[in-house]
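Participant: Chains B and C: place on chain A using the hints.
Chains as they are written, first to last, in this note's numbering: chain A, 160 to 509; chain B, 160 to 509; chain C, 160 to 509.
Hints are computed from structural coordinates only; laboratory data are not their basis. Ideal Cβ placement from N, Cα and C applies to all residues, glycine included. Hints should not be assumed to be uniformly reliable.
Residues from chain C that keep clear of chain B, each with C-beta distances beyond 10 angstroms, as calculated [claimed, not checked]:
(1) Asn220
(2) Asn221
(3) Lys230
(4) Gly259
(5) Lys289
(6) His333
(7) Ala346
(8) Glu365
(9) Ala411
(10) Glu488
(11) Glu495
With a straight-line Cα cutoff of 25 angstroms, these simulated PhoX-like cross-link-like pairs (lysine-lysine) come out [what the hints assert, rightly or not]:
(12) C:Lys289 with B:Lys489
(13) C:Lys289 with C:Lys257
(14) A:Lys289 with B:Lys257
(15) B:Lys257 with A:Lys503
(16) B:Lys462 with A:Lys489
Below, each chain spelled out in residue letters.
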Amino acid sequence: MQFTAEEIGFMLNGTVEGDPGATVSKLAKIEEASENSLSFLSNPKYEQYLYTTAASVVIVNNDLTISAPVKATLIRVENAYSAFSVLLEKYNTIKLNKAGIEQPSFIHPTAQIGENCYVGAFAYIGPDVKVGNNCKIYPNAYCADNVTLGDNVTLFPGVIVYFDCVIGNNVIIHSGAIIGSDGFGFAPNANGTYTKVSQIGNVIIEDDVEIGSNTTIDRATMGSTIIRKGVKLDNLIQVAHNVEIGANTVIAAQTGISGSTKIGENAVIGGQVGLVGHITVARGSQVQAKSGISRSITEENKKWAGAPATHYNDNMRSQIVYMRLPELEKKISELEKVIAELRKVSDNSM
Amino acid sequence: MQFTAEEIGFMLNGTVEGDPGATVSKLAKIEEASENSLSFLSNPKYEQYLYTTAASVVIVNNDLTISAPVKATLIRVENAYSAFSVLLEKYNTIKLNKAGIEQPSFIHPTAQIGENCYVGAFAYIGPDVKVGNNCKIYPNAYCADNVTLGDNVTLFPGVIVYFDCVIGNNVIIHSGAIIGSDGFGFAPNANGTYTKVSQIGNVIIEDDVEIGSNTTIDRATMGSTIIRKGVKLDNLIQVAHNVEIGANTVIAAQTGISGSTKIGENAVIGGQVGLVGHITVARGSQVQAKSGISRSITEENKKWAGAPATHYNDNMRSQIVYMRLPELEKKISELEKVIAELRKVSDNSM
Amino acid sequence: MQFTAEEIGFMLNGTVEGDPGATVSKLAKIEEASENSLSFLSNPKYEQYLYTTAASVVIVNNDLTISAPVKATLIRVENAYSAFSVLLEKYNTIKLNKAGIEQPSFIHPTAQIGENCYVGAFAYIGPDVKVGNNCKIYPNAYCADNVTLGDNVTLFPGVIVYFDCVIGNNVIIHSGAIIGSDGFGFAPNANGTYTKVSQIGNVIIEDDVEIGSNTTIDRATMGSTIIRKGVKLDNLIQVAHNVEIGANTVIAAQTGISGSTKIGENAVIGGQVGLVGHITVARGSQVQAKSGISRSITEENKKWAGAPATHYNDNMRSQIVYMRLPELEKKISELEKVIAELRKVSDNSM
Numbered sequence: 160m161q162f163t164a165e166e167i168g169f170m171l172n173g174t175v176e177g178d179p180g181a182t183v184s185k186l187a188k189i190e191e192a193s194e195n196s197l198s199f200l201s202n203p204k205y206e207q208y209l210y211t212t213a214a215s216v217v218i219v220n221n222d223l224t225i226s227a228p229v230k231a232t233l234i235r236v237e238n239a240y241s242a243f244s245v246l247l248e249k250y251n252t253i254k255l256n257k258a259g260i261e262q263p264s265f266i267h268p269t270a271q272i273g274e275n276c277y278v279g280a281f282a283y284i285g286p287d288v289k290v291g292n293n294c295k296i297y298p299n300a301y302c303a304d305n306v307t308l309g310d311n312v313t314l315f316p317g318v319i320v321y322f323d324c325v326i327g328n329n330v331i332i333h334s335g336a337i338i339g340s341d342g343f344g345f346a347p348n349a350n351g352t353y354t355k356v357s358q359i360g361n362v363i364i365e366d367d368v369e370i371g372s373n374t375t376i377d378r379a380t381m382g383s384t385i386i387r388k389g390v391k392l393d394n395l396i397q398v399a400h401n402v403e404i405g406a407n408t409v410i411a412a413q414t415g416i417s418g419s420t421k422i423g424e425n426a427v428i429g430g431q432v433g434l435v436g437h438i439t440v441a442r443g444s445q446v447q448a449k450s451g452i453s454r455s456i457t458e459e460n461k462k463w464a465g466a467p468a469t470h471y472n473d474n475m476r477s478q479i480v481y482m483r484l485p486e487l488e489k490k491i492s493e494l495e496k497v498i499a500e501l502r503k504v505s506d507n508s509m
Numbered sequence: 160m161q162f163t164a165e166e167i168g169f170m171l172n173g174t175v176e177g178d179p180g181a182t183v184s185k186l187a188k189i190e191e192a193s194e195n196s197l198s199f200l201s202n203p204k205y206e207q208y209l210y211t212t213a214a215s216v217v218i219v220n221n222d223l224t225i226s227a228p229v230k231a232t233l234i235r236v237e238n239a240y241s242a243f244s245v246l247l248e249k250y251n252t253i254k255l256n257k258a259g260i261e262q263p264s265f266i267h268p269t270a271q272i273g274e275n276c277y278v279g280a281f282a283y284i285g286p287d288v289k290v291g292n293n294c295k296i297y298p299n300a301y302c303a304d305n306v307t308l309g310d311n312v313t314l315f316p317g318v319i320v321y322f323d324c325v326i327g328n329n330v331i332i333h334s335g336a337i338i339g340s341d342g343f344g345f346a347p348n349a350n351g352t353y354t355k356v357s358q359i360g361n362v363i364i365e366d367d368v369e370i371g372s373n374t375t376i377d378r379a380t381m382g383s384t385i386i387r388k389g390v391k392l393d394n395l396i397q398v399a400h401n402v403e404i405g406a407n408t409v410i411a412a413q414t415g416i417s418g419s420t421k422i423g424e425n426a427v428i429g430g431q432v433g434l435v436g437h438i439t440v441a442r443g444s445q446v447q448a449k450s451g452i453s454r455s456i457t458e459e460n461k462k463w464a465g466a467p468a469t470h471y472n473d474n475m476r477s478q479i480v481y482m483r484l485p486e487l488e489k490k491i492s493e494l495e496k497v498i499a500e501l502r503k504v505s506d507n508s509m
Numbered sequence: 160m161q162f163t164a165e166e167i168g169f170m171l172n173g174t175v176e177g178d179p180g181a182t183v184s185k186l187a188k189i190e191e192a193s194e195n196s197l198s199f200l201s202n203p204k205y206e207q208y209l210y211t212t213a214a215s216v217v218i219v220n221n222d223l224t225i226s227a228p229v230k231a232t233l234i235r236v237e238n239a240y241s242a243f244s245v246l247l248e249k250y251n252t253i254k255l256n257k258a259g260i261e262q263p264s265f266i267h268p269t270a271q272i273g274e275n276c277y278v279g280a281f282a283y284i285g286p287d288v289k290v291g292n293n294c295k296i297y298p299n300a301y302c303a304d305n306v307t308l309g310d311n312v313t314l315f316p317g318v319i320v321y322f323d324c325v326i327g328n329n330v331i332i333h334s335g336a337i338i339g340s341d342g343f344g345f346a347p348n349a350n351g352t353y354t355k356v357s358q359i360g361n362v363i364i365e366d367d368v369e370i371g372s373n374t375t376i377d378r379a380t381m382g383s384t385i386i387r388k389g390v391k392l393d394n395l396i397q398v399a400h401n402v403e404i405g406a407n408t409v410i411a412a413q414t415g416i417s418g419s420t421k422i423g424e425n426a427v428i429g430g431q432v433g434l435v436g437h438i439t440v441a442r443g444s445q446v447q448a449k450s451g452i453s454r455s456i457t458e459e460n461k462k463w464a465g466a467p468a469t470h471y472n473d474n475m476r477s478q479i480v481y482m483r484l485p486e487l488e489k490k491i492s493e494l495e496k497v498i499a500e501l502r503k504v505s506d507n508s509m
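Only chain A is shown next, with the shape it has when bound in the complex (with noise of 0.2 angstroms):
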């Protein structure tokens, strides 16, 4: 793809200062951008690169004005950053422009599928599965009997959806994401073996949820593994069966979630943080990477830290202070050396 700066002024109802003729084929930030790159400036701070970067066309606000000589094209708009914006998300648009049914690929006589959807080749669509309109799935993506998807979703290459799941519109699943496999449930025998607990539950994904790639999420033993409207998981994120995720809440990558619990609202969960199965976690917690949750959180919007998690800034201290537990036993061997002798002092002149 390749635009000139006039019809990028076009499109963005913008004033082309300089050659109208530049070109540009990819998008850059200011302190990066190479020749033919279209980048912009927004914040102040950054104006200085303005007057070094080898962007052919940089997009900047009305009102900007100009203190030294300027190679690139420029292009004046209200907003610099939201029409860079839209920019990003009209080439993303165009990247994963994908429409069709590329053969082979496999869907079932009982599938239904709406309108303009796209389906790879090697995509596995099974019996009674229902996808809603404009969605994307990739090759090698598996939907199971009597799946359920919305509209706008998209199934990068390689997911799989287990039988029974239910997606709902706009949810974007990443690559290697596994939904509906089954819980970790196994009853213990008196001769050392586990027999399985026959897991038929499902999974259901409310709207505007994004899944990153290679996470798992196990279906509910009985009922549903809920990850309601909104939220967003990063990669290689464990959910166990019967988890509830609250609606906007975001978790970083590598993070575990055991079996039962449940996370309220509008919480954000750092990465390669645990939480143990059966508990509560309020809405608005933050939670810092590597962190345990090792019982339930019931205070509404508090940061915490630490495996076993306390309050974050108790835990910060205690941190500082394990770092000088050297020291400190050192400390209390000198005192205990001082007492000793204040003792005999004391005992000799009693």
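Facilitator: Structure of chains B and C alone, referenced to chain A:
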């Protein structure tokens, strides 16, 4: 699937009380059940729910005495819990009742497939692979050259088994699990680069093992990485080359086991645990989530916690003091001041 | 595959002692070898096994003197270890000797495939993809639009490469690894929801890199996530958007690197380590497993441990005191009592 109370009563050899024509189409816990649900009551402390549940049919024990009006149709059996478990399993068997060879799939002419197997579309079965009877190889699963599967093996969609690996009977492997990829072995060179050490061993998985989604088990450098009979592995676990996991050991999600480590039988290892390489962990060991096992454990049947792990109770005590560290440090400062004063007094009095 | 001692002796330019017709069909360590195994003896401390091994053929050094009867056929060479390594590599090359285009596979008409490549069944090669010579793209692997692969690249089954990513020469990527999925970028809105930030950058993987199973490497928001020459990544690692990993750095399983963090050359990072975003880690840093790197490391070639990480030796000292914390607390209580008494005495004596 829809059944009447009468049909279920017949299946379970139970007695129907109420409307024998009541229909059910799903299974649910008594406290969560909606209309058309089949539920059960086994634990007396849940009896209250019997009088309020929306379930259409409830399985109860023969000896249950009713103390209030019940809307649901009851089915009386000897043991309500085990009767319900039987139904769960039947339900699951029907749900996973796949058979036949779907097209297009790839089965090499030299591969042998047993009786009554399912091979899904886009599944790949390479040269010299041997598949036992009653196996299910779902779509997009892959068995490389010379892989052996026993009877009743399930490879869910997207499971990858590298060449020469051996899988026993009744093994279930969930989607995205990778069996037999190269161990992480590199020899350092003088100039800072690394040379790959060829990994020519394999992975052996014995009978009755279940492996979770996106878990990775590396092949041995030479010899075998071995998962013994009855082991249950959760999702996103890392098992490095030449590891051996003893029979009936259970490991929770996101745990990592470094190269050549041997874990004994009947161990229970929590989530996000890390084990260093070349150690042994005694049979029956129980390891708390997030622990780090940095040396061999020789005592059997003990509980461990912490990173580095110590005896569970010792670690709990240290954890409690850890949270009081700032307080402790303050105490020490105060003691220092008091002693400094006492010393002055003592010096003066001499 | 089966070879005689004579054939192997010829391959290695060695001298056969014993039965030249002894056959071998596998490679094994001398202490674990069974019949028909080929083994080697290099380290003198393993010499005892030479007299008891079940191996049919053993490669030994020219200068080895035998001190007891040996059942196996020996092959004498200049350097037994390097001769065996040569065989390991040959064995592996034969095992992985795939060639040709299997059907059904998907190769877009605009894709370019070099000479002597393998494309497995159900592999997908999208529009404008460029594949170099001697590449192996296994079944169910996926290369999206405009991906570039150098020469001698292996994508094992199920590897997914998103659009625009660039992969150098001699790169090995193991099954289930995801290259170029969206970075985890969301802009918070006033009402608690999030808006996705388009991720339009790519991933660049330089020459001689190996990437483990189910590892995820996200594309940059803008610009590139970069894995430099010679980097070795283990399984289940998370590499976030805009990260850069320096040449010949080695990272163990389940480690996570947050967005925009730069790791220097020749670093060695253990398993389950977490690194926060927007920091730099100096070249040659060695980080103990399970550490948490929460700020930039500017000193080169140092060892680090703990979460938050400190100098390795400092952390070891704190760890030791941590285990004695209950004892320490007791000491402080005792000191307090003694001092209270001393104070009484001192008060009385004044």
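Participant: All hints, please: hold or fail.
Facilitator: Results of checking the hints against the structure:
| no. | hint | result |
| --- | --- | --- |
| 1 | Asn220 | holds, 19 angstroms |
| 2 | Asn221 | holds, 23 angstroms |
| 3 | Lys230 | holds, 21 angstroms |
| 4 | Gly259 | holds, 13 angstroms |
| 5 | Lys289 | holds, 25 angstroms |
| 6 | His333 | violated, 4 angstroms |
| 7 | Ala346 | holds, 29 angstroms |
| 8 | Glu365 | holds, 12 angstroms |
| 9 | Ala411 | violated, 7 angstroms |
| 10 | Glu488 | violated, 5 angstroms |
| 11 | Glu495 | violated, 7 angstroms |
| 12 | C:Lys289 with B:Lys489 | violated, 66 angstroms |
| 13 | C:Lys289 with C:Lys257 | holds, 20 angstroms |
| 14 | A:Lys289 with B:Lys257 | holds, 20 angstroms |
| 15 | B:Lys257 with A:Lys503 | violated, 86 angstroms |
| 16 | B:Lys462 with A:Lys489 | violated, 31 angstroms |
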